[in-house]
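Residue numbers (this note's numbering), protein chains in the order written: chain A, 455 to 807; chain B, 88 to 198.
These are computed hints drawn from the structure, not numbers from a lab. You can take every hint at face value.
Label-pair restraints from in silico Cβ distances:
1) GLU123(B) / SER629(A): 47 to 55 Å
2) ARG771(A) / GLU190(B): 49 to 57 Å
3) PHE511(A) / LEU147(B): 39 to 47 Å
4) ASP615(A) / GLY188(B): 35 to 43 Å
5) GLY188(B) / LYS750(A): 32 to 40 Å
List of simulated lysine to aspartate or glutamate pairs, EDC-like, C-alpha gap at most 20 Å:
6) LYS638(A) / ASP172(B)
7) LYS752(A) / GLU123(B)
8) LYS586(A) / GLU198(B)
9) LYS684(A) / ASP162(B)
10) LYS638(A) / GLU159(B)
11) LYS748(A) / GLU127(B)
12) LYS503(A) / GLU161(B)
13) LYS707(A) / GLU198(B)
14) LYS156(B) / ASP639(A)
15) LYS579(A) / GLU171(B)
16) LYS579(A) / ASP165(B)
17) LYS684(A) / ASP165(B)
18) LYS638(A) / ASP165(B)
19) LYS502(A) / GLU160(B)
20) LYS748(A) / GLU123(B)
21) LYS750(A) / GLU123(B)
22) LYS693(A) / GLU666(A)
23) LYS720(A) / GLU127(B)
24) LYS503(A) / GLU160(B)
25) LYS684(A) / ASP172(B)
26) LYS606(A) / ASP696(A)
27) LYS720(A) / GLU99(B)
28) LYS720(A) / GLU123(B)
29) LYS503(A) / GLU159(B)
30) LYS707(A) / GLU127(B)
31) LYS638(A) / GLU171(B)
32) LYS724(A) / GLU127(B)
33) LYS579(A) / ASP162(B)
34) LYS724(A) / GLU123(B)
Note that beta-carbon positions come from the ideal geometry of N, C-alpha and C, so glycine has one too.
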Amino acid sequence: MIKTDILIIGAGPTGLFAVFEAGLLKLKCHLIDALPQPGGQCSEIYPKKPIYDIPGFPEVLAGDLVDNLMEQIKPFEPGFTLGERAETIDKQEDGSFIVTTSKGTKHHAPVVVIAGGLGSFEPRKPPIPSIKNYEDKGVAYIIRDPEVYRDKKVVIAGGGDSALDWSIFLADVASEVSLVHRRKDFRGALDSVEKVEELSKIGKINLITDAEVVDLKGEGELDSVLIRHKDEARGEELKETDYFIPLFGLSPKLGPIANWGLEIEKNAIKVDNSYDYQTNIPGIYAIGDVNTYKGKLKLILCGFHEAAIMCQSVYQRINPDKKYVMKYTTVSGVSGFDGSKKEAKKEVVKSIN
Amino acid sequence: MSDVKITIIDREGEAHTVDAPTDMNMNLMEVIRSYELAQEGTIGICGGMAMCASCQCYILNFEHMLPEKSFEEEDMLDQAFFVEDNSRLSCQIPITEGLDGLEVRIAPASE
Numbered sequence: 455m456i457k458t459d460i461l462i463i464g465a466g467p468t469g470l471f472a473v474f475e476a477g478l479l480k481l482k483c484h485l486i487d488a489l490p491q492p493g494g495q496c497s498e499i500y501p502k503k504p505i506y507d508i509p510g511f512p513e514v515l516a517g518d519l520v521d522n523l524m525e526q527i528k529p530f531e532p533g534f535t536l537g538e539r540a541e542t543i544d545k546q547e548d549g550s551f552i553v554t555t556s557k558g559t560k561h562h563a564p565v566v567v568i569a570g571g572l573g574s575f576e577p578r579k580p581p582i583p584s585i586k587n588y589e590d591k592g593v594a595y596i597i598r599d600p601e602v603y604r605d606k607k608v609v610i611a612g613g614g615d616s617a618l619d620w621s622i623f624l625a626d627v628a629s630e631v632s633l634v635h636r637r638k639d640f641r642g643a644l645d646s647v648e649k650v651e652e653l654s655k656i657g658k659i660n661l662i663t664d665a666e667v668v669d670l671k672g673e674g675e676l677d678s679v680l681i682r683h684k685d686e687a688r689g690e691e692l693k694e695t696d697y698f699i700p701l702f703g704l705s706p707k708l709g710p711i712a713n714w715g716l717e718i719e720k721n722a723i724k725v726d727n728s729y730d731y732q733t734n735i736p737g738i739y740a741i742g743d744v745n746t747y748k749g750k751l752k753l754i755l756c757g758f759h760e761a762a763i764m765c766q767s768v769y770q771r772i773n774p775d776k777k778y779v780m781k782y783t784t785v786s787g788v789s790g791f792d793g794s795k796k797e798a799k800k801e802v803v804k805s806i807n
Numbered sequence: 088m089s090d091v092k093i094t095i096i097d098r099e100g101e102a103h104t105v106d107a108p109t110d111m112n113m114n115l116m117e118v119i120r121s122y123e124l125a126q127e128g129t130i131g132i133c134g135g136m137a138m139c140a141s142c143q144c145y146i147l148n149f150e151h152m153l154p155e156k157s158f159e160e161e162d163m164l165d166q167a168f169f170v171e172d173n174s175r176l177s178c179q180i181p182i183t184e185g186l187d188g189l190e191v192r193i194a195p196a197s198e
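Please take these sequences and the hints and turn them into a complete structure.
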């Protein structure tokens with residue numbers, strides 16, 4: 455069981471900055487994120503895109519902003535549970551919470567802060583009506599263990615890096631790999647595209663372009679996919695396969711959080727913004743893009759502000775008998791849990807004789 | 088500059104003719120969001136960078152008055168679902184006077 459003062463769900467910019475604000479108050483944080491790396495949308499969707507509205511940064515790449523935030527919170531030694539989605543929350547008798555992830559990792563904290571942005575990123579499923587019937591019965595959206603596909607027939611769909619990379623990898627594992635893509639051009643890395651072309655020429659990858667998988671067949675288990683060619687003359691073909699792996703990227707979903715009893719409005723969590731961004735469940739806060747209130751602006755800088763306000767409230771919740779006065783880092787400096795200390799040089803006042 | 092009239096058919100099939108301002112640097116996705124014609128969280132997820140296709144729409148007329156598709160838009164549509172010949176990413180369509188009378192239908196939200 456992982457124990458911490460504040461359990462933050464979501465390791466995007468807002469969640470990361472909350473670690474800093476909590477650290478100033480000597481509160482330790484642990485973050486859970488469904489993605490395998492911190493940074494949320496900034497890392498997953500647009501790491502190379504410049505952001506222009508972070509105060510003090512005329513221009514900063516989203517990925518660099520995340521790197522800077524990670525550097526800024528390093529002294530506060532946050533813990534991370536990455537690549538696991540927060541699934542369930544159980545309130546304990548003392549008012550604390552146990553949050554369990556999709557892989558069964560348990561976390562215990564007196565306060566839970568949801569900084570989940572648009573939600574957890576989940577694979578985009580192609581609109582094939584029968585696809586749900588074959589999930590885990592031949593259809594997989596993520597490749598967890600490539601050995602599952604050894605000596606099997608595999609059909610991969612998609613035109614991005616994931617589809618290319620896995621086609622290349624499985625070409626040496628599976629007995630047959632087919633890559634189905636809607637058009638002839640691929641939007642992946644050039645060397646991956648070239649490698650797929652090479653493997654196609656020597657018959658290691660069956661490249662099927664200008665075509666889409668439109669239906670799945672099989673009694674109980676998947677046994678074939680129906681491929682429709684753009685060229686009407688070629689029509690449709692039924693292709694025997696053991697596995698169908700559609701790789702079309704990720705899209706955000708609020709996910710299991712939606713079932714935690716929180717008040718939801720327009721796909722976001724309602725909070726009390728006049729005070730501290732607490733949800734309708736005491737002890738659970740929501741900050742950043744995941745929350746909503748009158749006048750809400752979904753901006754990174756607003757998430758940072760909400761993180762600071764939330765931490766002050768959490769401090770009082772955890773330490774009801776202590777009086778805390780907000781301090782400026784220019785005055786108090788930053789004392790990390792790792793023993794590091796940053797503070798401004800004290801001026802030397804000369805005495806007048 | 089004045090507003091233009093754009094007809095947007097929402098995901099339930101209802102048509103809405105709305106006034107879209109030409110002087111606010113808006114794009115069609117932002118107009119759809121501002122009139123709340125698609126559920127929040129299901130449109131404009133990437134914020135308008137042609138990186139999610141959640142704002143895909145079908146152009147029902149006036150296609151010749153739209154800007155050419157950029158490489159990024161072509162690429163994203165290539166990865167999207169429910170794509171038709173008249174598909175565009177509404178975030179890549181700036182509101183200009185030339186769009187007066189445009190009719191579009193919002194593509195279904197993908198899972």
